[in-house]
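Participant: So the chains spell out like this:
Number of protein chains: 2
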Amino acid sequence: MHAYDYPLILRHLLHGPFANARDQEIIDAAGTRYTYAALEERLCRVANALKELGVGPGSVVAVMDWDSHRYFECFFAVPMLGATLHTINVRLSLEQILYTINHAGDDVILVHSDLLPVLSGIASRIVRPVKLVLMADLPIPVSGEFVGEYEELVAAPSPASPFGDFDERTRATLFYTTGTTGEPKGVNFSHRQLVLHTLAVASWLGSVPGAGGFNRADVYLPITPLFHVHGWGIPYVATMLGVKQVYPGRYEPAKLLQLIAEHGVTFSHCVPTILAMLLDAPAAKTTDLSRWKVLIGGSALPRSLAERALARGIDIHAAYGLSETCPFLTVADMVASRESADPVAMRIATGRAVPLVQLMTVDAAMKEIARDGVSTGEVVARAPWLTETYLGNDAATAELWRGGYMHTGDVGRIEADGTLKITDRLKDVIKSGGEWISSLDLENITGRAEGVLEAAAIGVADAKWGERPLLAVRLAPGADKASSEQSIRDEVTRAIEAGRLSRWAMPDRIVFMPALPRTSVGKLDKKSLRATLVAS
Amino acid sequence: MHAYDYPLILRHLLHGPFANARDQEIIDAAGTRYTYAALEERLCRVANALKELGVGPGSVVAVMDWDSHRYFECFFAVPMLGATLHTINVRLSLEQILYTINHAGDDVILVHSDLLPVLSGIASRIVRPVKLVLMADLPIPVSGEFVGEYEELVAAPSPASPFGDFDERTRATLFYTTGTTGEPKGVNFSHRQLVLHTLAVASWLGSVPGAGGFNRADVYLPITPLFHVHGWGIPYVATMLGVKQVYPGRYEPAKLLQLIAEHGVTFSHCVPTILAMLLDAPAAKTTDLSRWKVLIGGSALPRSLAERALARGIDIHAAYGLSETCPFLTVADMVASRESADPVAMRIATGRAVPLVQLMTVDAAMKEIARDGVSTGEVVARAPWLTETYLGNDAATAELWRGGYMHTGDVGRIEADGTLKITDRLKDVIKSGGEWISSLDLENITGRAEGVLEAAAIGVADAKWGERPLLAVRLAPGADKASSEQSIRDEVTRAIEAGRLSRWAMPDRIVFMPALPRTSVGKLDKKSLRATLVAS
Chain A
1 MHAYDYPLIL RHLLHGPFAN ARDQEIIDAA GTRYTYAALE ERLCRVANAL KELGVGPGSV
61 VAVMDWDSHR YFECFFAVPM LGATLHTINV RLSLEQILYT INHAGDDVIL VHSDLLPVLS
121 GIASRIVRPV KLVLMADLPI PVSGEFVGEY EELVAAPSPA SPFGDFDERT RATLFYTTGT
181 TGEPKGVNFS HRQLVLHTLA VASWLGSVPG AGGFNRADVY LPITPLFHVH GWGIPYVATM
241 LGVKQVYPGR YEPAKLLQLI AEHGVTFSHC VPTILAMLLD APAAKTTDLS RWKVLIGGSA
301 LPRSLAERAL ARGIDIHAAY GLSETCPFLT VADMVASRES ADPVAMRIAT GRAVPLVQLM
361 TVDAAMKEIA RDGVSTGEVV ARAPWLTETY LGNDAATAEL WRGGYMHTGD VGRIEADGTL
421 KITDRLKDVI KSGGEWISSL DLENITGRAE GVLEAAAIGV ADAKWGERPL LAVRLAPGAD
481 KASSEQSIRD EVTRAIEAGR LSRWAMPDRI VFMPALPRTS VGKLDKKSLR ATLVAS
Chain B
537 MHAYDYPLIL RHLLHGPFAN ARDQEIIDAA GTRYTYAALE ERLCRVANAL KELGVGPGSV
597 VAVMDWDSHR YFECFFAVPM LGATLHTINV RLSLEQILYT INHAGDDVIL VHSDLLPVLS
657 GIASRIVRPV KLVLMADLPI PVSGEFVGEY EELVAAPSPA SPFGDFDERT RATLFYTTGT
717 TGEPKGVNFS HRQLVLHTLA VASWLGSVPG AGGFNRADVY LPITPLFHVH GWGIPYVATM
777 LGVKQVYPGR YEPAKLLQLI AEHGVTFSHC VPTILAMLLD APAAKTTDLS RWKVLIGGSA
837 LPRSLAERAL ARGIDIHAAY GLSETCPFLT VADMVASRES ADPVAMRIAT GRAVPLVQLM
897 TVDAAMKEIA RDGVSTGEVV ARAPWLTETY LGNDAATAEL WRGGYMHTGD VGRIEADGTL
957 KITDRLKDVI KSGGEWISSL DLENITGRAE GVLEAAAIGV ADAKWGERPL LAVRLAPGAD
1017 KASSEQSIRD EVTRAIEAGR LSRWAMPDRI VFMPALPRTS VGKLDKKSLR ATLVAS
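These protein sequence lines are chains A and B, in that order.
Going by this note's numbering, the first residue of the first sequence is number 1, and it counts up by one from there.
Going by this note's numbering, the first residue of the second sequence is number 537, and it counts up by one from there.
Simulated from the structure, these hints should not be mistaken for laboratory data.
Warning: the hint list may mix true and false statements.
Stated by the list, open to error - Here's a subset of chain B near chain A, in silico, CB distances under 8 Å, partners left out:
| # | residue |
| --- | --- |
| 1 | Asn556 |
| 2 | Arg558 |
| 3 | Val626 |
| 4 | Gly742 |
| 5 | Val871 |
| 6 | Val893 |
| 7 | Pro1050 |
| 8 | Ala1051 |
To be verified - Here are some of the chain A residues that sit facing chain B, going by a computed Cβ distance under 8 Å:
| # | residue |
| --- | --- |
| 9 | Pro209 |
| 10 | Ala353 |
| 11 | Leu386 |
We treat Cβ as the ideally placed atom computed from N, Cα and C, and that holds for glycine.
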């Protein structure tokens, strides 16, 4: 008899909670509520139903849903069959969604009734034969185009476990990231990668003293869509630790605030825009948020938003990662933020590497940049959970892994104490007169000028200087363009004189726009801006 | 360019602390004190020195030392070269130590000056040529039999990193466990196993709310010898998290208490005997132990000791594992122990499985026993860090992994909430009249009788009943044998009548002894007891 060769597969994350947290609850905002003990049986039933539909090793099962308990179940039930879970970003354009379905080669799509209009707009152009399963919060008639409805499927088959072992490098998840150029790129993660990400993130968020971090007494509510890098991987962490979980369905500020109050939610994560929306909601005034911990990612955490959150008693910290990184690379230092002289600065910093992450900044020749808090370079990383390929895109893969490190495309500096500060996207750095101008710095400084609501800086090709900065600015209603422009130029001049901006940073052109374009995940869309402004 | 294929090797645990905790300290009781930044350089220097001695992939480097910073350095420097660290149990008999050195095939032995008498007693019978390195707390002359002294070696060579990548399944550590029969058995762990054990233990001990568990603000002092299952693997956890560490050298109660006070130690682990010794020490009365968290393993945590510790403000919990399990399998529930109606019972329970551990109790046919808190069976486990072989002992390996699960040799029951309670060692269960009698239960009940200090129950072969229980008892000084025996029989009778003991449990013989035999790690030595009493 030989030792059991234990593969790092998602199934093995469940031994703990299914033994130790059987009475702990999973709650769905639409009204479903069950225990981990019931979850164990539901996963088996869902998987058995999928098997009956022909799902097995190598299959691709896609989901189009809000953040429901059903989606959460698919996080485990699909990959544990050896199949791939394709989490469709339902905020992409119809053409992009169609592209990802065809590119992924979906065999089955589970789709929420709310999203049927999206699917029917493209269904005729899905190349492979695909089986459709309806997901609905209320009983609705299931038309013939579907092979069944999710809860029906769950009710029918055997509760016997269909889950076995397989190679830990089997692909578990797949989703698409929209870059600045070209078609969406397929990012994929293996069971091994997800298990290691789960363990390392749990060990880092867990090992914060006091009520900080993420621990077994927390109540978890994701407010990052589950299609967005598997809800930042936290549903796996929460499940392994046997934590109470609340799935909110579609995001509506009043509902989210009500869930926080009703279920005593203590831990969430979201992008800055969503947190601002929640704090702006009328119900926020009457909701106790003083036990709520929030991790912010997706974009830099603005100081003003952090201060607003802190004033409400929210324990807020930034985190950093990409779709390609599963996503955690760094978390703001939750230990030091309690002691720091400027806790806000500590909380909004990109943060420090989580265990197993090797992080550095490099120049174009891959030479490491000094960790002096001043010198900047591109952030590159190694970790056991970085996507190894862009699906079927060797050229992009080779570019991503140039020199044996994963290139984040972000520019930053690292302090002597390991704290990373992202200063820019590499592609957004403006190279003028042989110097790098941080578009982020230029935008922040512009933001201080009178009448400015937001700003975006891009580089415009210039025969003499290489590039020259251009500013796109959205003014507050009623602000005067001429005096705002003067105020912007005054702020930039002051920053140049103080050495906070390169002397090449004064924009040649300032363009006022009624709105700045944004991507599907709410980031400034400089690609679109460049197309509009440089062509004009 | 391809993705970096990230192996789970010990080197990668160090990226975090060497980036984020450079100013954090490592302290040795003998006076050495340095930062993690200095540790990074020392590890390179030690490894370079060992390379010069011919150490490389496949070499075996043994250490005979107290719990020093040097030993701690070897935990990383030796395996990171692709060599095996053999942690010699210096409490074994000379013959056993010699056996393990020859069986392991040591190439180099690093030995503390205190332990030279041990080594010189066997040196002539070490079969392979072996290079000796002296470790000393004070400068002493180094005689010709040594190739050098540790700090000298560290001072000399280059600080350039000699560490590269290799297969994560490369053997990292090796040590010997003394069973009840036969020669010591070699237990060995790979880099992959140690990394996964580190991550899972960190995620479990970390995710305790409040000041509980083990977190990044803790100050760590091991009081389990580093040769004992690599100090229960906690030095790896502490290092990954960048925690302040204090190495105590040889264990002396007054010194340990002084280290706790001086360095603000908040986290330790030890066997019950050591904790009792510390609490008995005169200095304990004047030492503040109210910020101290202690994990107890190696033997069951007696309720009386737990109560004594709690009265001093110590946050005490039991943990469970074996040499073969790296060692963590379960930890008493540190979350529930704060809320439980009987927190002491919760704290002394064997506990709940840590993440990735699949634990069950089985009958002789490997059929799973119900998790009803009553039915008992042998505890078997799967986890990605269980020893895959006993070195060079296929028969024992096959027995250990019978049926594809690792057999702990312990008998226990599992509650519906996942809590494991160990009731006995399989080999210590007394089988009488077709029923199992727990020797542990019998001993505990005997312990309540008047005059009894401790008791050991063993089974004696019996033609009619299979086995019959025999009790060996140590009485308090001055206690009367006759009335103590009567009191014991009264207690056992009461327990039988209350259904807490099988009706076959009344011992045929009660033997009074001035001391009960113990093994090198302080456990009751029933093998020796059986030999003494059954032969007599």
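Participant: Take the hints in turn and mark each one as holding or not.
Facilitator: Checked hints:
no.: 1; hint: Asn556; in the structure: holds (4 Å)
no.: 2; hint: Arg558; in the structure: holds (7 Å)
no.: 3; hint: Val626; in the structure: violated (29 Å)
no.: 4; hint: Gly742; in the structure: holds (3 Å)
no.: 5; hint: Val871; in the structure: holds (5 Å)
no.: 6; hint: Val893; in the structure: holds (6 Å)
no.: 7; hint: Pro1050; in the structure: violated (43 Å)
no.: 8; hint: Ala1051; in the structure: violated (39 Å)
no.: 9; hint: Pro209; in the structure: holds (4 Å)
no.: 10; hint: Ala353; in the structure: holds (6 Å)
no.: 11; hint: Leu386; in the structure: holds (7 Å)
When the structure is compared with the earlier hints, violations turn up for hints 3, 7, 8 and for no others.
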